[in-house]
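Given the coordinates of chain X, assemble chain F onto it according to the supplied hints.
Listed below are the residues making up each chain.
There are 2 protein chains.
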Amino acid sequence: MIREISSGEFGLLWPIFKEVVGNGDTYSYPPEITEEQACALWTTPPTRCFVLEHDGEVVGGYMLRPNQPGLSDHVANAGYMVARQWRGRGFASRMCEHSLTVAREAGFLAMQFNFVVSTNETAVRLWEKHGFAVVGRVPKAFRHAEIGPVDALVMHRSLD
Amino acid sequence: MIREISSGEFGLLWPIFKEVVGNGDTYSYPPEITEEQACALWTTPPTRCFVLEHDGEVVGGYMLRPNQPGLSDHVANAGYMVARQWRGRGFASRMCEHSLTVAREAGFLAMQFNFVVSTNETAVRLWEKHGFAVVGRVPKAFRHAEIGPVDALVMHRSLD
Numbered sequence: 019m020i021r022e023i024s025s026g027e028f029g030l031l032w033p034i035f036k037e038v039v040g041n042g043d044t045y046s047y048p049p050e051i052t053e054e055q056a057c058a059l060w061t062t063p064p065t066r067c068f069v070l071e072h073d074g075e076v077v078g079g080y081m082l083r084p085n086q087p088g089l090s091d092h093v094a095n096a097g098y099m100v101a102r103q104w105r106g107r108g109f110a111s112r113m114c115e116h117s118l119t120v121a122r123e124a125g126f127l128a129m130q131f132n133f134v135v136s137t138n139e140t141a142v143r144l145w146e147k148h149g150f151a152v153v154g155r156v157p158k159a160f161r162h163a164e165i166g167p168v169d170a171l172v173m174h175r176s177l178d
Numbered sequence: 019m020i021r022e023i024s025s026g027e028f029g030l031l032w033p034i035f036k037e038v039v040g041n042g043d044t045y046s047y048p049p050e051i052t053e054e055q056a057c058a059l060w061t062t063p064p065t066r067c068f069v070l071e072h073d074g075e076v077v078g079g080y081m082l083r084p085n086q087p088g089l090s091d092h093v094a095n096a097g098y099m100v101a102r103q104w105r106g107r108g109f110a111s112r113m114c115e116h117s118l119t120v121a122r123e124a125g126f127l128a129m130q131f132n133f134v135v136s137t138n139e140t141a142v143r144l145w146e147k148h149g150f151a152v153v154g155r156v157p158k159a160f161r162h163a164e165i166g167p168v169d170a171l172v173m174h175r176s177l178d
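For the record, the sequence lines run as chains X and F. Under the numbering used here, the letters of the first sequence match residues 19 to 178, in that order. Under the numbering used here, the letters of the second sequence match residues 19 to 178, in that order.
Here chain X stands alone, though its shape is the one from the complex (with noise of 0.2 Å):
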C-alpha cells in the first residue's frame, strides 16, 4: 500500500532516508543532514511525501514536486528510498508506477531526475524500463564514497 503522508509523518521514512542518504552512493544530500532538514526537503509544499507500507512496515517511500517553478512547473520530479534489508522485490517499480500515475493526476506533462548517480545502474535500468531516457549527462557530479568522481545522469519521460 502506498499513501501520501504529513510533514508530522515524516518519522516513519526517516529511518530508511538516513540510511540511505548515509551510504553515499545514489543521493547528493549532505550524509550529515538532520530529519528537520529531511523532513523540510520532502513535505513542504508543493513537495509532497508518499510511502510505501508491506505488511504494517514502512519499507520505503518518494517525493514528488515540480523540478522548477514558474515557467517550468509542467516538469515533475522525484526521488525514491526503499530500505536496504527490502530491495529487490519491486517496490522501487511500484512506487515509480505510483509516482507516474499521480504526477499525470495533478496535470504534470513529464517528469524528470536531475542527479541518477551513473554506477547506480540498477537505479538506470529500472527508469529505463518505466519509460524515462537519458537526456544529459554531468561529469563527475557526484562524489561517491566509495568510487570518487563520478557521473550524474539527467532522466526525463513525458506523460503524455
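Please note that a few of the clues may not be correct.
Note that identical chains are pooled: a pair holds if it fits in a single copy or bridges any two copies.
What the hints assert, rightly or not - Quick list of in silico lysine to any residue cross-link-like pairs, SDA-like style, CA-CA up to 25 Å:
#1 LYS36 - ARG107
#2 LYS36 - LYS158
#3 LYS158 - GLY125
#4 LYS158 - PHE133
#5 LYS158 - LEU127
#6 LYS36 - GLY88
#7 LYS158 - THR119
#8 LYS147 - GLY106
#9 LYS158 - ARG143
#10 LYS147 - GLN103
#11 LYS36 - VAL142
In case anyone wonders, no lab produced these hints; they're calculated from the structure. All of these numbers come straight from a predicted model, not from anything done at the bench.
Just chain F now, with coordinates in the frame of chain X:
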C-alpha cells in the same frame, strides 16, 4: 566594476531582475515573483549575489551557489542578468568571467547551468565561448512566453 552585495542591497538589482523574468523568455522563475522572493533566491547563503556597475549605474548582476548540497557541492551554479538597454556590450561576458574566477577561488571544481533556454541562442553561444559544453537537453521543459514549449539545455565546464 563588479562587486558582491548583501541582501540589503538587492533593491539595486530588482528592477533588472523583474524586467528579465517578466519577459518570460529566459528564466523559469514565475513572472509574478516578488522582490522578497527574488532576494531570498539570489542572496540567501550559500548563494552569493554580485552586481555590475557602469558609470555608477547597476546594469546587471549574477548569483553564484553550489548547484547541489552535500556530495555534489563541488559543482557551482550561476545565473546572469543584464538590463535590456545595456545588452550587446559584453557585460554578460564580463560577469561570466568574474563568476568563474570567484568560483575557482571558492574551491569549486566545475560550473553547471541547469536551465539554459534553447531558443536563447545568444546565451548558448556566449557560454560556449566561455568554455561551457551542452551536456544535456530536456525536451519542452520551458514554456516560452511567445514561442510556447521549448527545450532547456544543461551546460557544464570544468574549472581545472
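Within a copy, between copies, both or neither: where do LYS158 and PHE133 come within 25 Å Cα-Cα? Both, since 11 Å and 19 Å are each at most 25 Å.
Is it within, between, both or neither when you check LYS158 against LEU127 at 25 Å Cα-Cα? Between copies only: 10 Å across, 30 Å inside.
When Cα atoms must be at most 25 Å apart, do LYS36 and ARG107 count as within-copy, between-copy, both, or neither? within (21 Å within a copy, 50 Å between copies)
Within a copy, between copies, both or neither: where do LYS158 and THR119 come within 25 Å Cα-Cα? between (33 Å within a copy, 20 Å between copies)
Copy assignment of LYS36 with VAL142, given that the CA separation must stay at most 25 Å: For LYS36 and VAL142, the Cα distance is within 25 Å only inside one copy (22 Å; across copies 39 Å).
Within, between, both or neither, where LYS36 and LYS158 count as close if Cα-Cα is 25 Å or less: This pair counts as within: shortest intra-copy Cα distance 24 Å, inter-copy 35 Å.
From the Cα coordinates, with 25 Å as the cut-off, is the pair LYS158 and ARG143 best called within, between, both, or neither? Both ways: LYS158 and ARG143 sit 20 Å apart in one copy and 24 Å across, limit 25 Å.
Between the shortest in-copy and the shortest cross-copy C-alpha distance, which are at most 25 Å for LYS36 and GLY88: within, between, both, or neither? Intra 31 Å, inter 14 Å, cutoff 25 Å: inter-copy only.
Within a copy, between copies, both or neither: where do LYS147 and GLN103 come within 25 Å Cα-Cα? within (23 Å within a copy, 49 Å between copies)
Could you place LYS147 and GLY106 in one of the four classes (within, between, both, neither) given a Cα distance threshold of 25 Å? For LYS147 and GLY106, the Cα distance is within 25 Å only inside one copy (15 Å; across copies 46 Å).
Alpha-carbon proximity between LYS158 and GLY125, which holds within one copy, between copies, both or neither at 25 Å: between (34 Å within a copy, 15 Å between copies)
Hint check: no violations occur; every hint is consistent with the structure.
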